[in-house]
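Residue numbers (my numbering), protein chains in the order written: chain A, 1 to 317; chain B, 1 to 409.
If you're looking for bench data, these hints aren't it; they were derived computationally from the structure.
For every residue, glycine included, the Cβ atom is placed at its ideal position computed from N, Cα and C.
Keep in mind that a hint or two might mislead.
[As the list claims (entries may be wrong)] Just a sample of chain A residues kept apart from chain B, beta carbon distances all over 10 angstroms, derived: (1) V143; (2) I234; (3) E267; (4) L271.
[Stated by the list, open to error] Taking beta-carbon pairs under 7 angstroms as the criterion, some of the chain B residues facing chain A (in silico): (5) Y357; (6) L393; (7) V395; (8) G407.
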Amino acid sequence: MNGIRAIVRKELADHFSSYRFLILFALIAMVSLITVYMVGLNLKTELRGIAKPKFVFLLLFTSSGSLFSLVQFVAFFGPLLGLVLGFDAINRERSEGTLSKLLSQPIYRDVVINGKFLAGVITISVMMTAIVLVITGLGLKIVGVVPGVEELWRILIYLLISIVYISFWLGISLLFSILFRSIATSALAALAVWIFFSFFIPLGASVVANSQVSQTETSDVSALVQRARIVHTITLASPLELYTHAATIIDPTRKTTRSIVAMGPMERLSLSRFSGPLSLLQSLFIVIPYIVTLIAIAVICFGISYVVFMRQEIRSL
Amino acid sequence: MTRKGKLLIHALIWIGVVTFMGIGPLGTAWAANPSDGNHRPDRMLVMAPEYPGVEIARDQDSVSMNILFHNQGRTDETVQAWVAKAPKGWTARLKSYRYTVMGIHVPEGEDKTLTFEAIRDKDLGPGTYTFEIHAKTPDKRFQMAQTIEIKVSDEEKSDKGPHGIELTTSYPVLRGPSDGKFEFSLEVDCKLDKDALFELFAKGPEEWDINFKPAYEDKYISSLRLKAGGTKTVAVVVNPPPGTEPGNYPVTVQVTSGDAKAEANLEVNLTGTYALEVGTPDGLLSLNARQGRPANMSVYVKNTGSADNNGIQFLSFKPENWKVEFTPEKLDTIKPGELKQVEVSITPYAEALVGDYSVNVNVKGEKVSKPLEFRVTVNASSSWGWIGIGIILLVVIGLVGLFRWVGRR
């Protein structure tokens, strides 16, 4: 345990002092703040004259002002943070010859990878918490609404989901840095995987769905629903989609994570009679499959890199 | 010639003018002559029956006619008049439109009438009956006697109303709930030969509120003026007091005018009130349900009316693909005050969204229906949550296993 503490401390020091981290963090923080500021301004004008709206505070995170909402932003560019933190974690040490030196110290080998991953997760947590707290504070100032306990819980759960999501990408880049000796290769591989899962899978899903369901019957409800179902099934392979679905926890008025819901007129009438927000537990039950999947893939990804690293031959070049 | 001619013309003009001047006043004097008392005798009184002889059918009980008094003199006269002789079995009297009278005052130059009325005993056989009516002034200057003959024939004649008034109603029996309002339409047909004021009376069960109303007008009346031979429709509005037992209640309507009288027998058939009370035993109208799983609710139906309620059905207004079932599906009869329980089973659609839905149930009984709205909260199945936690636990255990297996090198 002493060993892992030392490794984590060293790694954190590395992270926080490196220029690329600072640049990235500055970028993310700036964009988040700008986004939220715009949302806040929008909200302020939109909510003028409305008596005591509920859950205004959560709109800061989900409402897309002029460009992105915070949730969308983290979904698209959060992975970059994880990738940047991890793509050269092992192979840089290896190429600089410090890994064998490190391992000649009285520490176990698993401490090295555990420590590196843990340090990455801590860094991500610090960044995300900072962003969310800044937004909360800014929101208090801009919107002037004090969030309730349930809203705080939703924000907290959202924060955890975001940390897990970025940690998954950290795990991916860690795995590549173990697999590939070259830093450039691992960086490119990680980028490729990110682009593939985040952008090509949703695109490909609609292509597949279009080929399955004839596009001419766009007015046909069942065809639309079937198309949406195909898209949904395929995009489940994308962590970005998992995260987007899971992040609906923030919005208490969302009653499903699906984007298209076939609803008859009677059902709509019946549902609109009592149009209240969902309780936290119900919202949680809706998104729990996605949260579980996210946690599972993050843990599995780390597990694989762990096994690979432990099995690897460490030689000084 | 010319002189003579001129003179003649002058004379003619003068004659013409004089004649004109003379005749004008004379003519007006003649025209005013009949009303001029100077040409009438000082006192002159005549009495005459309207019809000296009358023939009536066997089933007609009464005769009424006017006795005319003419005062052709220049003095107001007060006449005493009485029926001097009436055959046995007859009751005869002289009356005004309201009272039996012993005399009448006839102002000068006017005509006055009294009504002679003779009522026959029912068992009196056919024959000719003679009545004598005498009249005199108090100073006995005029003593008059007139006879009226009434011939009761052997024939029956029943198409005429008995007393000169006919009451007809198309719907003599009305049926309805106890708290309802019953409106009979009654046609009053005046068969009298003169204008008359008709008094309207109604007799019903105690505490019942019975009023007369002109048709299509919103005011209550208690009398009615009809022209001779005229007809008017009167609405009889009957309001039973609250809490009246179901049953048949007779209402008698009487229309009288002087001696003329007609009765109509109406009937109100009360069926009791129809009212249902629907609710849940604990008053709770919200329930939780799961997608695709039935949720049960107990509903009671109580008959708060005073009549049996038959054939109670249950209708539901629900979102598509939802199922709402009732056990039993319908209730045959609920007696007044009785309470019956119905189990409602609501099954949300398997792909229903999480949230609050409104499901309406309509309990439709005889003449009454009661809506009931349920708030059905569709909850997400918590099983997925447990499965998820299980998966995470498995993954963590796997990771710990990995640490044990390959760690510490």
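Evaluation of the provided hints:
no. : hint : in the structure
1   : V143 : holds, 26 angstroms
2   : I234 : holds, 20 angstroms
3   : E267 : violated, 4 angstroms
4   : L271 : violated, 6 angstroms
5   : Y357 : holds, 5 angstroms
6   : L393 : violated, 10 angstroms
7   : V395 : holds, 5 angstroms
8   : G407 : holds, 4 angstroms
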